[in-house]
Structure formats: structure tokens, C-alpha cells
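Engineer: Following the hints, complete the assembly by docking chain B onto the known chain A.
Quick note, the sequences are listed as chains A and B, same order. So for the first sequence, full-length UniProt numbering puts the first residue at 1; every next one is plus one. So for the second sequence, full-length UniProt numbering puts the first residue at 1; every next one is plus one.
Treat the hints with care, since some could be wrong.
Each pair may be met inside one copy or between any two copies, as identical chains are not told apart.
Claimed, not checked - No more than 25 Å apart at the CA atoms, straight line, and that leaves these computed lysine to any residue pairs for SDA-like:
{"no.": "1", "residue 1": "K11", "residue 2": "S90"}
{"no.": "2", "residue 1": "K31", "residue 2": "M1"}
{"no.": "3", "residue 1": "K114", "residue 2": "V28"}
{"no.": "4", "residue 1": "K4", "residue 2": "K67"}
Just so you know, these hints were derived from the structure itself, not from any lab. Fair warning: this is a prediction, and the values are worked out from it, not measured in the lab.
Now for the letters of each chain:
Number of protein chains: 2
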Amino acid sequence: MSEKLRQHIEKITPLTDIEFEYILSHFVPKKLKKHQFLVQEGAPVQYDYFVLSGLLKASYTNPEDGKEYILQFAWEDWWTTDYQAYFNQSNAILSLDCIEETEVLALSLTNREKICAEMHKIEHFFRRKSNSGYIALQRRILSLLTTSAQERYEQLLACYPDLIQRVPKTIIASYLGVSRETLSRFTY
Amino acid sequence: MSEKLRQHIEKITPLTDIEFEYILSHFVPKKLKKHQFLVQEGAPVQYDYFVLSGLLKASYTNPEDGKEYILQFAWEDWWTTDYQAYFNQSNAILSLDCIEETEVLALSLTNREKICAEMHKIEHFFRRKSNSGYIALQRRILSLLTTSAQERYEQLLACYPDLIQRVPKTIIASYLGVSRETLSRFTY
Chain A
1 MSEKLRQHIE KITPLTDIEF EYILSHFVPK KLKKHQFLVQ EGAPVQYDYF
51 VLSGLLKASY TNPEDGKEYI LQFAWEDWWT TDYQAYFNQS NAILSLDCIE
101 ETEVLALSLT NREKICAEMH KIEHFFRRKS NSGYIALQRR ILSLLTTSAQ
151 ERYEQLLACY PDLIQRVPKT IIASYLGVSR ETLSRFTY
Chain B
1 MSEKLRQHIE KITPLTDIEF EYILSHFVPK KLKKHQFLVQ EGAPVQYDYF
51 VLSGLLKASY TNPEDGKEYI LQFAWEDWWT TDYQAYFNQS NAILSLDCIE
101 ETEVLALSLT NREKICAEMH KIEHFFRRKS NSGYIALQRR ILSLLTTSAQ
151 ERYEQLLACY PDLIQRVPKT IIASYLGVSR ETLSRFTY
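Isolated chain A, as found in the complex (with noise of 0.2 Å):
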């Protein structure tokens, strides 16, 4: 399972076995049972989470109405935490839980900034992968700011078609900010 992370890396950079060992034993694997929680609003957040299988939910309620927005989804081969809450070593103003059950491998701040010292490749890596999110969440709000979210649903199921089928409408419509009873009226 763990190879998978891995062929991950190795899209970016090549690794010798010793390499992927040596960065590897920086990780630890976690496994969670539907509904439960990688991150909990309000608390630490130790751990960045490369997921193996299985699918999560990045969401913050709003503390006034109770009302959940959903930030992000992730699933295999995604990166996920509550990133300001990870790199300022602050407490999370999101949660994460999962939507199916999920197998991830966890990397606390301290390992991560050690292999990245330690190996320039691994800093190489995940520069890469940093300017890749940050290119994802531009679109997001470009998304957000010129388009209804009849459109964001047909740009989902037209991007992402299986997470359409793997996710409750409910958690959709709250992704796209709308009610759930306008939701259905995009998938007739």
C-alpha cells in the first residue's frame, strides 16, 4: 500500500529503495473507520495526510448557525489537513472526517521539515506539490466568484464523476453552497 506513495513522489523525482525506506519511516500509516475524525475543529493539528484509499471531507462550521461548508474533498493520492492550522502550529478551524473508510499515511511538521533539510529532492517535492494546491484553490475561487452553482455541479460531475456517486447529495449541495432541495433540481 505504501508503494503507492511512492509512485506518488516519483511522478516528481526519481528514489532509490534506501531513499523511499529512509522517507517512509517518517510516516505513520493510520487507518479510520467511516465518519471518524483526522482533524477536529478547535484542536491541534499534529499531522499532513497523504491518503492511501478511501475518501475525506475538509469542512468548517460557521459557530453562529451550525451551518457546515465544505471546503474540500480529497481522496487517493491527495494531500490533506487543516494546512494553517498545520504549519502555524495552531488549533484547527476545520475538521476532517471521512466519508468512506480511509487509509492515510500521517507526517507530523517536524518530520516533514527534517527530510525536507535533510534531502533536496524531498523539499524539491513538495514545493512542487504546494504550487500544484495552490494552482487547485485559484480555481476554486475563480469558480466561486464567476459561476452559479448549477455550473459548479456540472463542472464536478464533468471533472470528478465518480465522486459524485461516492458522496451523499447533502454533502454535495454543501460543497456547492446551496440547499439540498436545489441540488436535486440540477440532476433531474
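Structural biologist: Same frame as chain A, now just chain B:
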């Protein structure tokens, strides 16, 4: 003026004089007048820009109705470009133009990758900057999902009181996603 770049990098990693001169030799200085474009929608994106002085906006124009959406502002000590186009060497979907007379240091992707490969500490610097950028965008998404335009105006005023003075009201309105008339109701 280029000392500003050194101070900016040294917030993350110390540099010798020789290292800084070497890094600086990979940048091209540019001076721009008010309303001049650094990045133009549809054109290739050659550079990432470190702002020495002035003020820029990154915007997207909807081809259907010609409406302009402001993605972000950039001023002293910020980096800005159309990152999707820059990293993927594709044509810009954003425009980047000067709200004030602006001086920048421009870094091509080839030179960025060169100094990152040659100097581990520069790769580290850009990884850290990219992480901060990611966090800032995540905050903007949360704000777009969970707050009203009036609340976003008040956040902007609290965080960047100077910006409100420097940017024309029509552009602030476009950043918030409201009409000029709606904005005037927030600013009584």
C-alpha cells in the same frame, strides 16, 4: 531597491552577499506605469513578479458578459502572476495590471527552477512562500463561502486599511463581488 528582495528572502533563510548577488542576477527589473499590464489574458506568462513598490490587481474577465472579477491585489513584498499559466507554461486566463506606478523584479520559470536546483535554501524559501500562499487562498475561499460582501468589506478594512485608500471604489466593489452602489451602502 533590490535590498527589499534580500530582506524578504532573509525572513526565511540567511544569505551571504555573494549568494544574494547570484540570486538577484536571475531577476529582471521592470518599471510600469499606472494601467500598464504585466500579464495579459490569452498571452504567454513569462515571469513571476516580486513587487518592490506599487500596487497591482489580478483579475478575470468573463468572456460572456465582459464582467471583471478581482482575484487578488499585490503590493510591496508580494509575489504575483497567473500561476497556473506560469507553472504550466500555458496562456494566461488572468490579467495583471497596475493600479499605481509599479516596480517589480521578474523571475522566469527557467531561472526559478535553476536557482532552486542549485541552492537548496532557495528551494526551501519558495516552498515556504508557496505554503503561505496556499493558506491565504484557503482563507479567501472560506471567506467567500461563509461571509457576506459587507463582512468581507469589514475584514478588508480591518486587515488592510491602507489598501482601501489606495484602490478605487469600483475595483474594491469588484473584489467583493458587489456593485459600486451596494459598496457605497457599506461605507456610509
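Engineer: Take the hints in turn and mark each one as holding or not.
Structural biologist: Going down the list of hints, with the structure as the test:
| no. | hint | verdict |
| --- | --- | --- |
| 1 | K11 to S90 | between (32 Å within a copy, 20 Å between copies) |
| 2 | K31 to M1 | within (12 Å within a copy, 52 Å between copies) |
| 3 | K114 to V28 | within (15 Å within a copy, 33 Å between copies) |
| 4 | K4 to K67 | neither (35 Å within a copy, 44 Å between copies) |
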